[in-house]
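I would like the entire structure built from these sequences, with the hints used as guidance.
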Amino acid sequence: MPNAVEFRHGAIELLILKTLSWGPQHGFSIARWIQDTADDVLRLEEGSLYPALHRMEDKGWVKATWGTSENNRRAKFYELTATGRSQLAEESRDWWRYAEAVGKVLKSTAKPVTT
Amino acid sequence: MSSDEPIWRRYRDLIRRRPADDVADEVRHHLEMRRDEALRAGLDPKHAADAARERFGDVAGVVAELNAIDSARERHRVRRDWLAGFRQDFRFAIRSLRRSPVFAVTAMLTLAIAIGANTTIFSFVNALLLEPLPYRRPQELVSVGSSIVGSAGELAALRERTRSFSTLGMYRQRSIALSDDREATQVEGIEITPSLLATLGVDPIAGTLFGGEASQRGNGAVIVLSHAFWLERYGGDRGIVGRQITVDGSSYRVLGVMPRSFAFPTLSARFWVPITIDGTDITRTWAIGGNRFVGRLAAGVTPARALAEARAVLPGMRRLNPIWDPGERYGDETTVEPMQRQLLSAERPALQLLFACVLVVLLIACVNLANLMLARVTARDREFAVRAALGGGRARLVRQLLTETVTMALVGGALGCGLAVAGVRWAASAMPSTVARTTHVELDAHVLLFTAGLSIVTGLAFGILPAFRAASSAGSSSAAHFGRGAGAGGSHQRLTSMLVVGEVALAVMLAITAGLLARSFNALRNASPGFVTDQVITARITPPPASYRDSARVTALYTMLMTRIGGLPGVASVGVVNRLPIAGPIYGMGMRVQGQFEDGRQRLPSADHVLTVSPGYLSAVGIPIVRGRSFTDADRIGAQPVALVSRALAERFWPKDDAIGKRIGYPYESPWLTIVGIVPDVRLDSLRDTTAIAVYVPFAQRASRSAEMTLVTRTNATVPAMAREIREAVHSLDRTIPVSDVRSMNEVLSSSVAQSRFMTTLVAGFALAALLLGATGIYGVMSYAVSRRTHEMGVRMALGATPGNIFGLVVGRGAVLAALGALIGCALALGATRTLGSLLFGVSATDPLTFSVATVLFVLVAIAASAAPARRATRSDPARALREA
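Residue numbers (my numbering), protein chains in the order written: chain A, 1 to 115; chain B, 1001 to 1885.
In case anyone wonders, no lab produced these hints; they're calculated from the structure. Please note: incorrect hints may appear among the correct ones.
Short derived list, chain B residues pointing at chain A, Cβ under 10 angstroms [claimed, not checked]:
id	residue
1	1023
2	1025
3	1027
4	1029
5	1030
6	1036
7	1062
8	1063
9	1065
10	1072
11	1073
12	1076
13	1080
What you are looking at is a predicted structure, and each value in this text was computed from that prediction instead of being measured. Ideal placement from N, C-alpha and C gives every residue a C-beta, glycine not left out.
As structure tokens, this is what we get:
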């Protein structure tokens, strides 16, 4: 993929949380949705998706149940818990503040004052 | 989290697949979806599958990671469940104990006493036997001993010739007279080589230790004080360091004060002075000095290697001794052992015995409690059956009961620690002086840890049988429990009977031990040393060496003193002796015998004891002359040197001849002593002394320059009155002479058996406790048996049995159990009491009288304990008993 950006590790959980905010999904559909929505710019190591999901289940942000996927296969569906929802709100808030701050510095036109 | 999951979901776990399969499924699903996508895009199947895997990344690695996360989660869940279950068990245990307060309180009190006793004894075992000595690298400190003379000359030679020791020094007991502005007092302490004191590695809290030059003559007038002595005599005043004090008439400088925890070799050492090795004085350098050699092993050297080197080097040193030949076997049996072991070699077996006894008492208490718990468990049969029917697991039941017992045990253990604090204080004050003073004994972390561990083990021990009993009864068909359950009662009874037999066996073993010790003590107490001890009062006189160096002056002093005291009303006779028998060991020495052993090839024989006495001593203690004559005033300096010998000595060296007129001598170049009289054999070292080769030398002709003597008087005055008179008489001659240790000879005898008395008291106490516990156990078992068999009793009585028959039946059963237990106990004791060896006196370890008395005693106790239940059995109404079928 041309101009693919290296995926920041901490953000994967945030993206999963956001993805699940639309409703329960299994791991593959989460991967596909992220890929589609980010226009394939984010190079996601699929292998790191599942450990992140399991860890989030351990932390209580998501709940897992086994069901049948669209192609009639046994799949593990994840859904947000109440804790997960508040976690999503908090972390996305932080992310935007971080992005804003970085953007401000990058857009600055004045040279920093040296003392 | 998981513990909030609804119940039905938990049960679904029963048919859930293994977590690893789930992980595999999840990953496979993703890969298949990706492959399907690729297929739809037009790739062929194989490439599609590969592309999917490639896009995924390290499949195996991810699977492993997922499995790790999931199994960690599972572990946490299990642990949380387990803890929650445990908390539940604990709450349930408290509730169930509260429901039967009498049982709970009884159990906890019993445990408190039993565990408390164990904690007390263990405190001593820990402090004395287990704790490493508080010196620098104590494992390197060793004692070198036995089969050597223990003299300064040997020390110097060993230092030169061996490489195994980085430091080698010696120490011996020293008694000094301290006389500042206060009255002169006698103080016990230690003379020690400076390098040895330094190598122990303990810094003084004030001042310094002596440097090496202090051991040369002339610079020796320094002294280091012990903490206790410093507090006692100088009120903890730091200004005492550097000041001069008067020791034995000379001026000594106080160099330093040791910390409170320093006690070398025991707490009774109140000061340390450097040993002065005077190379010019041959008799002092090479005489038997009562010195103990202690050294620090060089780096990497083991005691075994040092021992080998010592044994190799010592024989070569035989000819170094200028005054006597120690013989061919010199150094053969020398030992090198860790200092810690050697310091307590006498007390070790006694402590170990006490520890074993107190553990046995705890074991017996456990048996009783197990029986009690069994009874409770049987009473709760229905409760357990219901639990089983509702799905409670057997393992869970066992765990719950064990929680109950361990909780009781821990509470009992905590109470026991409180009791132990008082127990340790009592024991430390009641223990014979040498042991208790070795170190400070307290309940430290090790002891508390031991108590906690012991409590848990105890709880498990007496809970395990009832717990399994409950589990097995819960497992069997529940219907039986709603009936009479006679079958279950039968196995229960067998179990409790076996436990009681075991309990009695242990108690009998303890009783036999106590009996043997008691008989030993009695024999000791009644043992006569062979001389008169009634109306004999002794006092230690210690003229300061500085002003009493001249032999003639010392003789004159004592002669005047004895005249003065002999003239007092009520004093029948008075004499002096250099060391008081029974109060401590009486040393001997090698001995020349004229006409024998003179070819120089054999080792010189030794006289076990050599005593310096005045003529009045023998009459004061009532030692008669068997043949020949006693000493008189004519036996003085300048007259012919004479000696008295014991009968054993006479018979050993002149079995067919008369010893009178024969000659013996000191083991160095000196005039022969002519034997003028023979006295009977008496005990000298202690009441257990069996060595009887003794030589008596007249006080006026003594070889030693020490002026210290013990005054011995036969008088009908009381000890306090006599103490006053003696002090007055001594101080009228010289105010600076301390008078100490005024006591009657009977008192001396009594303190010499103090350890035996102490041991006997303690073990007898334990045996009594065991007896009470055993009696309670038998009573409990018999009561239970009777209550279970009322139906049977009813039938018997209906068929014509008299109350007497029933009584006999029950009591007989109790007696049989006790007899069986006693037999087993005797068998165990036969093996175990052999180890008592050194502690026994005058009685064999397999003494039949003690064994039979213990057996009969327990059978009688069993009969008494069964009497009340038996009476109850005879009172039961046959008609009603039958109806309750």
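Hints not upheld, ascending by number:
Hint 13 alone not satisfied by this model.
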